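Residues per chain are reported as follows:
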Amino acid sequence: MTATELVAASPVLVDQQKAPARKRSGNTPFDGHVSRGWQIAVTIGMVVAAVYFLLPVYWLLIASTKSTSDLFSTFGLWFSDDFTLFDNIAALSSYDGGIYWRWTLNSVIYSVFGSILTTIVSALTGYALAIYRFRGRKILLGAVLGSLLVPGTVLAQPTYVLLVEMGLNNTYAGLLLPALVYPFGVLLCYIYAQSAVPLEIVEAARIDGAGEFRIFGSIAIRMMMTGMVTVLLFAFLGSWNSYMLPLLVLTDQELMPLTVGLTGWNQASITVPGLQILTVVGSMLSIIPIAIVFVSLQRYWRSGLAAGGVRF
Amino acid sequence: MSSTTIAAPRRRAGAGLRLAPYLFVLPFAVLFVWFLIAPIFVAIGNSLFRETSSGLGFGSANETVFVWFEQYAKALQDAEFLAGFGRVLLYGVVQVPVMIIISAVLALLFDSALVKGKRFFQLAVFLPYAVPGVIAALLWGFLYQPSVSPLVAGLRSIGIPADFLSPGAVLWSIANVSIWSYVGINMIILFSALQSVPRDMYEAAKLDGAGELRIAMSIKIPMIWPAVLLTTLSSIIGTLQLFNEPAVLKTITSNISSDYTPNMAIYAASTTANDPQLASAMAILLGLATFILSVVIMKLTTRRKGVNQA
Numbered sequence: 001m002t003a004t005e006l007v008a009a010s011p012v013l014v015d016q017q018k019a020p021a022r023k024r025s026g027n028t029p030f031d032g033h034v035s036r037g038w039q040i041a042v043t044i045g046m047v048v049a050a051v052y053f054l055l056p057v058y059w060l061l062i063a064s065t066k067s068t069s070d071l072f073s074t075f076g077l078w079f080s081d082d083f084t085l086f087d088n089i090a091a092l093s094s095y096d097g098g099i100y101w102r103w104t105l106n107s108v109i110y111s112v113f114g115s116i117l118t119t120i121v122s123a124l125t126g127y128a129l130a131i132y133r134f135r136g137r138k139i140l141l142g143a144v145l146g147s148l149l150v151p152g153t154v155l156a157q158p159t160y161v162l163l164v165e166m167g168l169n170n171t172y173a174g175l176l177l178p179a180l181v182y183p184f185g186v187l188l189c190y191i192y193a194q195s196a197v198p199l200e201i202v203e204a205a206r207i208d209g210a211g212e213f214r215i216f217g218s219i220a221i222r223m224m225m226t227g228m229v230t231v232l233l234f235a236f237l238g239s240w241n242s243y244m245l246p247l248l249v250l251t252d253q254e255l256m257p258l259t260v261g262l263t264g265w266n267q268a269s270i271t272v273p274g275l276q277i278l279t280v281v282g283s284m285l286s287i288i289p290i291a292i293v294f295v296s297l298q299r300y301w302r303s304g305l306a307a308g309g310v311r312f
Numbered sequence: 001m002s003s004t005t006i007a008a009p010r011r012r013a014g015a016g017l018r019l020a021p022y023l024f025v026l027p028f029a030v031l032f033v034w035f036l037i038a039p040i041f042v043a044i045g046n047s048l049f050r051e052t053s054s055g056l057g058f059g060s061a062n063e064t065v066f067v068w069f070e071q072y073a074k075a076l077q078d079a080e081f082l083a084g085f086g087r088v089l090l091y092g093v094v095q096v097p098v099m100i101i102i103s104a105v106l107a108l109l110f111d112s113a114l115v116k117g118k119r120f121f122q123l124a125v126f127l128p129y130a131v132p133g134v135i136a137a138l139l140w141g142f143l144y145q146p147s148v149s150p151l152v153a154g155l156r157s158i159g160i161p162a163d164f165l166s167p168g169a170v171l172w173s174i175a176n177v178s179i180w181s182y183v184g185i186n187m188i189i190l191f192s193a194l195q196s197v198p199r200d201m202y203e204a205a206k207l208d209g210a211g212e213l214r215i216a217m218s219i220k221i222p223m224i225w226p227a228v229l230l231t232t233l234s235s236i237i238g239t240l241q242l243f244n245e246p247a248v249l250k251t252i253t254s255n256i257s258s259d260y261t262p263n264m265a266i267y268a269a270s271t272t273a274n275d276p277q278l279a280s281a282m283a284i285l286l287g288l289a290t291f292i293l294s295v296v297i298m299k300l301t302t303r304r305k306g307v308n309q310a
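Sequences listed follow chains A and B, in order.
Residue 260 in the working numbering sits at position 260 of the first sequence, and the numbers go up by one each step.
Residue 98 in the working numbering sits at position 98 of the second sequence, and the numbers go up by one each step.
Source of the hints: derived by calculation from the structure; they are not laboratory data.
Just so it is clear, the structure is predicted and the values come from calculations on it, not from any experiment.
Don't take every hint at face value.
Beyond 12 Å from chain B on every Cβ pair, some chain A residues (computed) [to be verified]:
hint	residue
1	Thr43
2	Asp87
3	Thr279
A partial selection of chain A residues facing chain B, derived with a Cβ cut-off under 10 Å [claimed, not checked]:
hint	residue
4	Ala91
5	Gly167
6	Gln267
Output of the computed footprint for chain B on chain A, the stretches with three or more beta carbons under 8 Å from beta carbons of chain B [claimed, not checked]:
hint	stretch
7	92-105
8	123-131
9	157-166
10	184-194
11	219-229
No residue lacks a Cβ here, since even glycine has one placed at the ideal position from N, Cα and C.
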């Protein structure tokens, strides 16, 4: 996959340079003689697709306004007579001493801190690989490319064994530190730095007496911004979605992220009936902010997703 | 501007220049060795041992014995562990093509002039990607459960005895969750590939009298073929790692065993069975299988590229 990932990552840059031209051509579709029958068929197909993709989220929104008994007894795709969304949120907030918000906070800590640190580590490395020629550069680059072949979840169990040996299981660090190794982020930063940071500017800054870290911190970082935001987004999503490692590493409820906490509730709801509605409301509240962030950051994920081959 | 003031910063820059790259890559290098190299070696080492409890009851000291490849033999004789591989391969062979075909059709439609309200529909298709896989599985889990699902109720009311969680259906119910989650990202990747195809190619084809469908089949699909191949192959590799969706759905049905997929078997061996040595051996076997599959796929794609160039 190494070669393909490289090939896949390069269109990001091409894409951005071409962006204005693309927009112009997009505005002038060549729809001279599109038959009416086709148009109707396609519209029906699109509506069916939209229903499929939106239905579960719509169900979730409706279900979270219901009481436990209405959840089981009323029609799932419309509101019941009782609108209990706010009661549900109150119940969610008070259950088990407000553990839900603790999980939310944990998810935010793991994802926000984790992704910021990951981005910094990746940017420093990618920049150095692109700008400097130093002993061991080839080895490091080879290691980064080679490690793309090591699937993340295969590492989960060995990482867990290692963390237990170091006494880092059941700690924030135990979950944060492994996430900082993000070879694909390094690769993306390397490719961005290569084309976005001209060596002449680095040379000029050196002649003006700027130190190497100053050059990176105040000049290069700005030129690499788009690439870094893309890495940030993917790293954030990776942590926000991560499940197997936290499931293995954390046994302390207080340290769990939302994914682990909510699935735990779902499992327990077989014996504790009230938990079902809390799982529903909790899931609903956890996806709304992310959906909003996603829609508002369209520009970045569009260019970033063109990178392709990103696995979580 | 005396010569000394110029020389001073130069000397500093020179020393910095030699050291700087190492300082830049240091954090990554340390973390890389710590959390990517070390776990692999720990797992390999671990997998060569067996823990036996000497004596009875609590307080008995556990003894670790070096057993060479016994754990690997044990894993490879575990019929359920091997069945898990068969299951994810079957799943991959069906789920991946279905997902890629849906993604490609949607991308082609969005790239044509046929869709009205493009922004809304694109957003609808992409929205599920913002839902974590685990939460998506929870959500579909509710839609599969007869007690709460409007889908099951609706199908049953028109005489279809739907059971999404029956032994025969559950694998495809898991596939549905993945399709729902990942069509969006694959559609966007293919759509971006389509957008970078020069528009003049279509104009020329149109002048020759080609319709939209003909243009899609003879120009667009061949042009984005590398992207289609890439998304297909990385998805196939991804299916070997299947864990989140079945692990979540397992909580609502007994038709998903605790070793339903290789990764679930690793998790079960590591936790409930409390056999980290066996789990490590299984993890290494899964890693090797993934590695071999990746290399085979890489060979196939590079050969394909060669053919295209010729």
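- prompt: Do three or more residues of the stretch 123-131 of chain A come closer than 8 Å to chain B, measuring C-beta to C-beta?
  reply: holds (count 6)
query: Given as covered by chain B, does the stretch 219-229 of chain A meet the bar of three residues or more with CB within less than 8 Å?
result: Our answer is that it is violated, as 0 residues pass the Cβ test (under 8 Å) against chain B, missing three.
query: Can the stretch 184-194 of chain A be counted as covered by chain B under the rule of three residues or more with Cβ-Cβ separation shorter than 8 Å?
result: This one is violated; 1 residues, fewer than the three required, reach chain B with a Cβ under 8 Å.
task: Verify the interface restraint on alanine 91 of chain A: the C-beta must sit less than 10 Å from at least one C-beta of chain B.
output: Nearest chain B Cβ about 18 Å off; hint violated.
query: For aspartate 87 of chain A, is the shortest beta carbon distance to chain B beyond 12 Å?
result: 19 Å, holds
query: Are there three or more residues in the stretch 92-105 of chain A whose C-beta lies closer than 8 Å to some C-beta of chain B?
result: violated (count 0)
query: Counting residues of the stretch 157-166 of chain A whose CB is closer than 8 Å to a CB in chain B, do you get three or more?
result: Result for this restraint: holds, n = 7.
query: Should the interface hint for glycine 167 of chain A be scored as holding, given a Cβ-Cβ cut-off of 10 Å against chain B?
result: 14 Å, violated
query: Taking the least C-beta to C-beta distance, is glutamine 267 of chain A closer than 10 Å to chain B?
result: 4 Å, holds
field: Reported absence of threonine 43 of chain A from the contact zone with chain B (all CB gaps over 12 Å)
entry: 7 Å, violated
- prompt: For threonine 279 of chain A, which was marked as not at the interface, is the minimum beta-carbon distance to chain B over 12 Å?
  reply: 7 Å, violated
Consistency note: the structure conflicts with the earlier hints numbered 1, 3, 4, 5, 7, 10 and 11.
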